[in-house]
Amino acid sequence: MNKESVRIKKIKLFGDRVLEFARIYYRNKYGLAGLIILTFFIFLALFAPFIAPYTPSDTFLAEPFSPPSSKFLLGTDELGRDIFSLLIYGTWTSMTVGVLASLLTVIIGTFVGIYAGYYGGIVQSILMRLTDFFLILPALPLMIVLAAILGPSIWNIIFVISIVSWPVTARVIMSQTLSVKESSYVEASKALGAGDTYIIFRHILPNVTPLIFAYVILNIAGAILAEAGLSFLGLGDPSHISWGMMLYYADQFGALVAGIWWYILPPGLAISLLVLSFMMIGYALDEIINPRIRRR
Amino acid sequence: MEILRVENIKKWFPVRTGILSSILFGEKQFIKAVDGVSFTIDEGEVFCLVGESGCGKTTLARLIARLIEPTDGRIYYKGRDIVQMKKKEFRPLRREIQIIFQNPYEALDPRMRIYDILMEPIKLHKKHFEGDPDERIRTVMRDVKLNPDEYLWKFPHELSGGERQRVSIARSLMLYPKLLLADEPASMLDASVRSSILNLLTDLREEYNLTLLYITHDLAQAWYLCERIAVMYLGVIVELGKTDDVINSPLHPYTKALISNIPIPDPRRKTEAIEIKGEVPSPINVPPGCRFHPRCPYFMEGKCDKETPKYLDVGDGHIVACHLYE
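If you read the sequences in order, they're chains A and B.
Under the working numbering, the first residue of the first sequence carries the number 721, and numbering increases by one thereafter.
Under the working numbering, the first residue of the second sequence carries the number 20, and numbering increases by one thereafter.
Just to be clear, a hint being listed does not mean it is correct.
[To be verified] Computed cross-link-like contacts, DMTMM-like style, restricted to lysine to aspartate or glutamate with a CA-CA straight-line distance of at most 20 Å:
1. A/Lys729 with B/Asp168
2. B/Lys275 with B/Glu246
3. B/Lys275 with B/Glu294
4. A/Lys910 with B/Glu88
5. B/Lys197 with B/Glu62
6. B/Lys142 with A/Glu724
7. B/Lys106 with A/Asp916
8. A/Lys910 with B/Glu125
9. A/Lys723 with B/Glu149
10. B/Lys105 with A/Glu907
11. B/Lys107 with A/Glu907
12. A/Lys730 with B/Asp135
13. A/Lys729 with B/Asp153
In case anyone wonders, no lab produced these hints; they're calculated from the structure.
Note that the structure is predicted; figures quoted are calculated from it, not measured.
Put together the whole structure using the sequences plus the hints.
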């Protein structure tokens, strides 16, 4: 068997595993439902200009707060903008912030978690105290203060969300790293002369990857909620319309008091639905990846 | 010819204590896992370390494989002191000193296929490996009696305990080792699988010209496999000698007790099992004098609990540390 055939064999085996994974995932009803909802939102976000009847800058100043009609499917806001179109354009912002913030969170968390878990010592102690610190601090006020100081922009919101949420991920990754580090197969590698870098990339990282995977997805849900919360409080990026910001404007212009339900319900429902879809996918992945739960 | 010489090796693990207790009790406490062990192994020999759990056998193996650094003492491999050696200098020697672990369920990375597991030694020693890696993997798999076509692309969780232990042995054999440290490789397996692993090791020893340091808590396994036995108790060797000498005429009370407890499949033969009272003392507070004295049936007050017994050679390399023979 030569090198080429080994590579072909490996690719084939990898394909088999992906198919196997898809088959198991397909049997998970919640996971499937979550995936369908998510696909729908991704479609909305990607093709917003083609689906939405108007753009966020199209204002019909003569028709503010008009109720749903055939012209405006979900009515209009205080500037006479079509809420249905705002909703579709807002998908992109909510989703991008959620995904990027979650990725950043997990990248920082993984890096710190593996480093602290593998090398231990002072880094580990500092990380532990830092995690405790962040766990004690109420996250929302901290995010509000940070966002207010840094100023409104999409990137600042992503940064603020990650800074607040990485310690939890770091802790989970660290505990997994600690258990992998002590295993006999790492000892065997060391007995063969493997260095730290080799062990981290060949043994520790592959063994925490499933965990990372599930955490990214579950963190997206949290990040979307955090973004909505910050935007609702008026700390969002005014140049990018998001669902949270729609709620902020609705609140500012008294939609709640005046009973203008078509301004409040759609963004609220959209947030809930998207978060729900990520949660369902996350739990489905957790169930598949964690064999102890799967073989119940 | 001597391949390994261990001289007065010690490994003390510091006990983690809080700030309060370190102020109250002052001095630092240590777990004396290995506390001054010396022995030599000849090339091609099968040498057994026997002792109950917690006596420091595994720590000793990890010291020799240089997975941990000793607190004190020397280890000479082929006359070269490997304790003093720099990590870089020692790395090529790692090919020659390999270790097999006790728990086959923990010894293989669950996310690697058998092919990748066996490829690892070659990857780590690319410069020193000659020949076709794939061919080598297949040969070694056949050597450990596993069919390469069947097992090569499996994951460890698809294998039984015995098969995993064979893969584990195969990995240690990949780079033609000289000294194999086997840390209770058969103790977590079923009795039937255990004997097949023992037989496999015996075969491999001939094929590969191995020197074997076999660690076990089971004197019966040592009896079957080894040429010389060292009995360990609480971090020290209490008796050492040729297997027949130690089994047939044990000197140390602890060895006597262990041997009297080997079951013999002969109903006519009556043996009286000597019972040792009490538990193994904590390696943090090692009893003074002879470490075995609190449990010894021949305890002599004023002697055993005061003086540490010296090693006494009773002939033919049979060494014992006990006041009874002075």
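Comparing the hints with the structure gives:
1. For the given pair, A/Lys729 sits about 13 Å from B/Asp168 by alpha-carbon distance, which is consistent with the 20 Å threshold.
2. For the suggested pair B/Lys275 and B/Glu246, the alpha carbons sit about 19 Å apart, so the restraint of at most 20 Å is met.
3. Taking the CA atoms of B/Lys275 and B/Glu294, the gap is near 10 Å; set against the 20 Å cutoff, the hint holds.
4. Between A/Lys910 and B/Glu88 the CA atoms are separated by roughly 13 Å; this keeps the pair inside 20 Å, and the hint holds.
5. The hinted pair formed by B/Lys197 and B/Glu62 meets the criterion: a straight-line CA distance of about 8 Å does not exceed 20 Å.
6. Between the alpha carbons of B/Lys142 and A/Glu724 the distance comes to roughly 17 Å, so the proposed pair stays at or under 20 Å and holds.
7. Between B/Lys106 and A/Asp916, the direct Cα distance comes to roughly 13 Å. Compliance with the 20 Å bound is thereby established for this hinted pair.
8. Taking the CA atoms of A/Lys910 and B/Glu125, the gap is near 15 Å; set against the 20 Å cutoff, the hint holds.
9. Proximity of A/Lys723 to B/Glu149 is assessed by CA-CA distance (about 15 Å); at most 20 Å being required, the pair is judged to hold.
10. For the hint linking B/Lys105 to A/Glu907, the alpha-carbon distance of about 19 Å falls within 20 Å, and the restraint holds.
11. Taking the CA atoms of B/Lys107 and A/Glu907, the gap is about 18 Å. The hint holds against a cut of 20 Å.
12. Between A/Lys730 and B/Asp135, the direct Cα distance comes to roughly 10 Å. Compliance with the 20 Å bound is thereby established for this hinted pair.
13. Restraint check for A/Lys729 and B/Asp153: the C-alpha separation of about 13 Å stays at or below 20 Å, so the hint holds.
In this structure, none of the earlier numbered hints is contradicted; all agree with it.
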